[in-house]
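S.K.: Spelled out, the chains give:
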Amino acid sequence: MVRAISSLIGAAFVFVLAIALFGTVKTAVEEPAAESAEHVFHLGPREADLPSAGLAGKFDNRQVQRGFQVYKEVCAACHSLKYVHFRDLTKIGYAEAEVKAIANQWVIEQPSINPETGEAATRKNAPSDPFPSPFINEIAARAANNNALPPDLSLMTKARHDGPDYVYSLITGYQNQPARLLKEFPGAKTPAGLHYNPYFANLNIAMPPPLTADGQVTYADGTKATKDQMARDVAAFLTWTAEPNLEARHAAGLAALIFIGIFCFLAWGAYQNVWRDVKH
Amino acid sequence: MATVDDMVPPGEDPAPYHEHVDDPRRRDFINIAAVSFAGVGAVAIVLPLINQMNPSADVLAASTTEVDVSKIASGQAIKTSFRKQPLFVRNLTPKEIAEANAVDVGSLRDPQTLAERTKPGKENWLITLGVCTHLGCVPLGAGEGENKGPFGGYFCPCHGSAYDTAARIRQGPAPKNLVVPDYNFTSDTTVLVG
Amino acid sequence: MSFPWAKHYEPKQPLMRWLDEKLPLPRLVYNAVGAGYPVPRNLNYFWNFGVLAGLALAVQIITGVTLAMHYAANAGVAFSSVESIMRDVNAGWFLRYAHANGASMFLLVVYIHIGRGLYYGSYKAPREMVWLLGVVIFLLMMATAFMGYVLPWGQMSFWGAQVITGFFSAIPVVGETIRVWLLGGFAPDNAALNRFFSLHYLLPFVIAGVIILHIWALHIPGSNNPTGVDVKGEQDTVPFHPYYTAKDGVGVGVFMLVFAALIFFSPNLLGHPDNYIEANPLSTPAHIVPEWYFLPFYAILKSFTADFILPAKLWGVLAMFGSILLLFFLPWLDSSPVRSANYRPKYRLFLGVLLLDVLVLGYVGGAEANARNVILGQIASAYYFAHFLIILPWVARSERPRPLPNSITEAVLAKHGGTSLAHSAVTA
Numbered sequence: 001m002v003r004a005i006s007s008l009i010g011a012a013f014v015f016v017l018a019i020a021l022f023g024t025v026k027t028a029v030e031e032p033a034a035e036s037a038e039h040v041f042h043l044g045p046r047e048a049d050l051p052s053a054g055l056a057g058k059f060d061n062r063q064v065q066r067g068f069q070v071y072k073e074v075c076a077a078c079h080s081l082k083y084v085h086f087r088d089l090t091k092i093g094y095a096e097a098e099v100k101a102i103a104n105q106w107v108i109e110q111p112s113i114n115p116e117t118g119e120a121a122t123r124k125n126a127p128s129d130p131f132p133s134p135f136i137n138e139i140a141a142r143a144a145n146n147n148a149l150p151p152d153l154s155l156m157t158k159a160r161h162d163g164p165d166y167v168y169s170l171i172t173g174y175q176n177q178p179a180r181l182l183k184e185f186p187g188a189k190t191p192a193g194l195h196y197n198p199y200f201a202n203l204n205i206a207m208p209p210p211l212t213a214d215g216q217v218t219y220a221d222g223t224k225a226t227k228d229q230m231a232r233d234v235a236a237f238l239t240w241t242a243e244p245n246l247e248a249r250h251a252a253g254l255a256a257l258i259f260i261g262i263f264c265f266l267a268w269g270a271y272q273n274v275w276r277d278v279k280h
Numbered sequence: 001m002a003t004v005d006d007m008v009p010p011g012e013d014p015a016p017y018h019e020h021v022d023d024p025r026r027r028d029f030i031n032i033a034a035v036s037f038a039g040v041g042a043v044a045i046v047l048p049l050i051n052q053m054n055p056s057a058d059v060l061a062a063s064t065t066e067v068d069v070s071k072i073a074s075g076q077a078i079k080t081s082f083r084k085q086p087l088f089v090r091n092l093t094p095k096e097i098a099e100a101n102a103v104d105v106g107s108l109r110d111p112q113t114l115a116e117r118t119k120p121g122k123e124n125w126l127i128t129l130g131v132c133t134h135l136g137c138v139p140l141g142a143g144e145g146e147n148k149g150p151f152g153g154y155f156c157p158c159h160g161s162a163y164d165t166a167a168r169i170r171q172g173p174a175p176k177n178l179v180v181p182d183y184n185f186t187s188d189t190t191v192l193v194g
Numbered sequence: 001m002s003f004p005w006a007k008h009y010e011p012k013q014p015l016m017r018w019l020d021e022k023l024p025l026p027r028l029v030y031n032a033v034g035a036g037y038p039v040p041r042n043l044n045y046f047w048n049f050g051v052l053a054g055l056a057l058a059v060q061i062i063t064g065v066t067l068a069m070h071y072a073a074n075a076g077v078a079f080s081s082v083e084s085i086m087r088d089v090n091a092g093w094f095l096r097y098a099h100a101n102g103a104s105m106f107l108l109v110v111y112i113h114i115g116r117g118l119y120y121g122s123y124k125a126p127r128e129m130v131w132l133l134g135v136v137i138f139l140l141m142m143a144t145a146f147m148g149y150v151l152p153w154g155q156m157s158f159w160g161a162q163v164i165t166g167f168f169s170a171i172p173v174v175g176e177t178i179r180v181w182l183l184g185g186f187a188p189d190n191a192a193l194n195r196f197f198s199l200h201y202l203l204p205f206v207i208a209g210v211i212i213l214h215i216w217a218l219h220i221p222g223s224n225n226p227t228g229v230d231v232k233g234e235q236d237t238v239p240f241h242p243y244y245t246a247k248d249g250v251g252v253g254v255f256m257l258v259f260a261a262l263i264f265f266s267p268n269l270l271g272h273p274d275n276y277i278e279a280n281p282l283s284t285p286a287h288i289v290p291e292w293y294f295l296p297f298y299a300i301l302k303s304f305t306a307d308f309i310l311p312a313k314l315w316g317v318l319a320m321f322g323s324i325l326l327l328f329f330l331p332w333l334d335s336s337p338v339r340s341a342n343y344r345p346k347y348r349l350f351l352g353v354l355l356l357d358v359l360v361l362g363y364v365g366g367a368e369a370n371a372r373n374v375i376l377g378q379i380a381s382a383y384y385f386a387h388f389l390i391i392l393p394w395v396a397r398s399e400r401p402r403p404l405p406n407s408i409t410e411a412v413l414a415k416h417g418g419t420s421l422a423h424s425a426v427t428a
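Chains as they are written, first to last, in the UniProt record's numbering: chain A, 1 to 280; chain B, 1 to 194; chain C, 1 to 428.
One thing to keep in mind: the hints can contain errors.
[Claimed, not checked] DSS-like cross-link-like pairs, simulated, lysine-lysine; straight-line CA separation at most 25 Å:
| no. | chain 1 | residue 1 | chain 2 | residue 2 |
| --- | --- | --- | --- | --- |
| 1 | B | Lys79 | A | Lys124 |
| 2 | C | Lys313 | A | Lys26 |
| 3 | A | Lys26 | C | Lys302 |
| 4 | B | Lys84 | A | Lys82 |
| 5 | B | Lys84 | A | Lys100 |
[What the hints assert, rightly or not] Which residues of chain A face chain B? A partial, calculated answer using Cβ under 8 Å:
| no. | residue |
| --- | --- |
| 6 | Ser128 |
| 7 | Phe259 |
| 8 | Ile262 |
| 9 | Ala267 |
Hints were generated in silico from the structure; no laboratory data involved.
Built from N, CA and C at the ideal position, the CB exists for glycine as well.
From just these sequences and the hints, can you work out the full model?
M.R.: This is the structure in structure tokens:
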């Protein structure tokens with residue numbers, strides 16, 4: 001009885017799946033899905049070779065500071081960094097006084113309230129403040145950017161696959177649309193106002209190339225600010241903003257693995273010891 | 001992890017399990033070592049679980065307050081906040097200063113002079129937390145028209161503690177004077193507390 | 001307690017005797033996981049996973065309770081409260097990564113535990129109730145894991161909530177009403193987030209309760225073993241403590257090693273980058289997938305693409321829930337009296353195919369829906385149902401089991417070549 005009922009139910013599911021399978025195969029044969037330009041021309045990111053990559057990765061504070069400079073002078077005009085606070089900069093090697101000065105001189109001020117009138121106002125940034133957003137809200141951001149929304153960068157390197165490499169590849173990956181693409185997919189011409197970039201998911205990104213010339217920023221430590229260098233540095237900075245505890249995590253992890261490894265060894269010994277007279 | 005401290009069941013002799021023990025101490029050492037290691041590991045894991053309840057970085061970072069005292073007239077006080085606690089900033093009148101100095105310090109429950117509770121040259125600025133040292137209510141006396149209590153300072157309505165014009169405890173159950181936080185004058189009219 | 005030769009708890013110290021008279025809690029523990037529980041002597045490492053699942057639940061409850069001290073279940077601030085845990089709370093990143101990866105470890109351990117039960121026939125009489133309670137625990141875990149995944153309020157959280165509550169809208173007539181009731185609105189928002197948080201906090205304790213019933217039910221017949229043969233006498237068993245506590249110690253060590261490697265060196269390996277983007281009700285991610293542990297079921301859902309009497313959507317939802325609910329009937333679907341697949345050559349073969357099948361479903365569940373993957377998913381789904389509902393009930397009829405050992409001890413001695421030389425100690 002159980003066998004009969006279960007077989008019937010099983011047969012029903014298998015039958016419906018067979019119908020579905022027939023439909024899938026029929027569609028695949030009769031009208032195979034067309035290739036898309038995104039599918040053919042999208043590229044996986046190139047390696048940025050950051051010191052933070054890998055199991056024992058660490059930040060190079062000088063590089064992260066250079067990346068911060070690139071963010072400050074290039075990216076910050078459009079992109080917020082709202083989950084990072086000025087005080088966090090002490091962790092990449094700035095002294096408290098330097099952080100205070102950076103916060104105080106930051107071009108965009110912190111929204112606040114006029115203590116006399118209660119009206120909306122702005123005030124100078126303090127170390128305890130998050131990085132202020134360049135636009136007051138999403139509508140203002142879109143209005144200023146041709147209806148595109150510059151995303152917050154705090155978590156960018158964790159919000160994309162291979163994030164640090166992605167950031168590095170994207171900002172150095174602008175190019176002219178290949179002729180082959182236009183030949184194969186005439187409908188996929190980059191629309192006006194967008195920019196062709198094979199590292200971007202749908203190939204056409206609203207952000208204009210942010211790094212336009214070598215020497216766009218002048219590094220205090222004398223490093224030559226090539227476009228490639230600036231892109232790596234800002235990728236390093238954004239790796240830090242997304243995962244500021246990376247070094248502590250790797251250090252704690254090494255200690256934990258060694259400790260647990262020794263425990264495993266001891267537990268194995270105790271197990272052998274307890275069972276030594278019992279065959280199993 | 002039922003293994004932690006009971007490799008040998010309570011009230012049992014391990015011998016029945018180990019009938020051919022040649023050197024019991026060496027053999028059981030590894031059991032003890034494994035259990036001890038597990039214990040140390042458990043303690044190591046407990047530490048972050050306890051530490052997570054300490055103030056987080058954002059709370060610690062917001063621990064200074066700047067107060068503009070230019071608008072406080074003599075005899076007036078304002079209530080503002082410092083580390084999410086009320087802060088009283090009071091501009092004492094010469095009469096109130098004289099009253100505070102006239103008290104015999106030795107007779108006080110928490111002996112302190114007004115000078116010890118203010119900054120040199122700024123004796124008229126009495127800056128204290130507005131937290132009664134008894135059980136943490138906000139004493140009255142800082143707001144306009146509030147009951148200043150029998151000693152002209154602050155009066156806590158919860159359990160009747162009365163503070164004088166130097167915010168020292170004079171009557172009632174509170175054990176200590178109102179706390180004076182760390183602060184300094186960054187200019188004649190601004191105070192940085194914390 | 002099950003066997004007459006089980007050791008009895010005899011407290012020696014006066015304090016323990018006093019406690020035993022007033023509240024025999026130590027006696028309960030002694031009989032449950034102490035020396036008072038006789039266990040077959042031949043259990044292999046697959047029998048570690050029950051204890052490991054209990055450990056994983058404990059890890060989840062402890063890290064979860066501490067995270068709840070910092071998390072805010074409000075759509076406006078949930079995402080940034082998680083970021084504040086990651087950045088500002090002392091050891092917050094450790095707690096959060098431990099909780100997120102702990103969920104994966106829990107499900108991984110439980111899947112192996114279920115697989116152990118399938119292979120060694122632990123669901124069969126007299127252990128049907130143990131199995132049924134186990135399936136209840138599994139369902140509760142799935143609900144808890146899903147609601148927990150919504151809490152960080154990232155893109156995958158939001159769209160996961162949207163899609164999963166969408167299952168209920170497949171129910172004819174009342175479906176949409178049920179969905180709106182579940183969400184407390186027309187789309188996931190504050191109301192949904194808050195109730196998910198409440199239930200996410202509650203359900204683990206319900207799971208803990210059902211686990212107690214699960215263990216209680218287990219202790220009536222006693223543990224199964226790799227031969228599937230019943231315990232015949234005292235020589236077939238050893239006391240749980242110290243024998244299996246020591247063996248579980250090794251399992252706990254290896255579990256912790258894998259867990260620590262995930263937390264400290266690859267904490268986002270099993271997550272999805274889109275969940276680091278705050279929920280946006282106006283934009284769906286390009287490729288939405290559930291967490292890895294739901295992928296096989298998601299593949300079954302996606303495989304039903306044709307209407308047949310019922311709409312395709314309803315078939316998909318029915319099949320997805322059916323694929324789990326059919327586990328409740330397993331003890332009666334399998335009519336073979338032999339428990340262990342070691343002695344069932346045909347069943348063992350089909351079970352191997354099922355393992356492969358579930359891995360294929362997992363792959364399809366996470367892969368893009370092109371023709372090849374859809375076809376693969378449809379074939380794999382068909383095998384899944386055929387395996388449990390058609391093959392399993394019939395295979396016993398045509399199968400000739402291999403000869404079973406007369407007892408556990410006989411099997412153990414045969415493995416050791418039948419000699420009775422004392423097993424020499426390993427530590428030297």
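S.K.: For every hint, state whether the structure bears it out.
M.R.: Evaluated hints:
With a CA separation close to 24 Å, the supplied pair Lys79 (chain B) and Lys124 (chain A) stays within the 25 Å bound. For the proposed pair Lys313 (chain C) and Lys26 (chain A), the alpha carbon gap of about 20 Å is at most 25 Å, so the pair holds. For the given pair, Lys26 (chain A) sits about 17 Å from Lys302 (chain C) by alpha-carbon distance, which is consistent with the 25 Å threshold. A hinted pair counts as satisfied when its Cα atoms are at most 25 Å apart, and Lys84 (chain B) with Lys82 (chain A) qualifies at roughly 23 Å.
Distance check on the hinted pair: Lys84 (chain B) and Lys100 (chain A) sit about 22 Å apart at the alpha-carbon level, within 25 Å; holds. At a threshold of 8 Å, the smallest CB-CB gap from Ser128 (chain A) to chain B is about 4 Å, leaving the interface hint in force. With a least beta-carbon distance of about 6 Å to chain B, the hint placing Phe259 (chain A) at the interface is held under the 8 Å criterion. Annotation: interface hint on Ile262 (chain A) holds; nearest CB of chain B at approximately 7 Å, less than 8 Å.
Because the beta carbon of Ala267 (chain A) sits about 5 Å from the nearest beta carbon in chain B, less than 8 Å, this interface hint is met.
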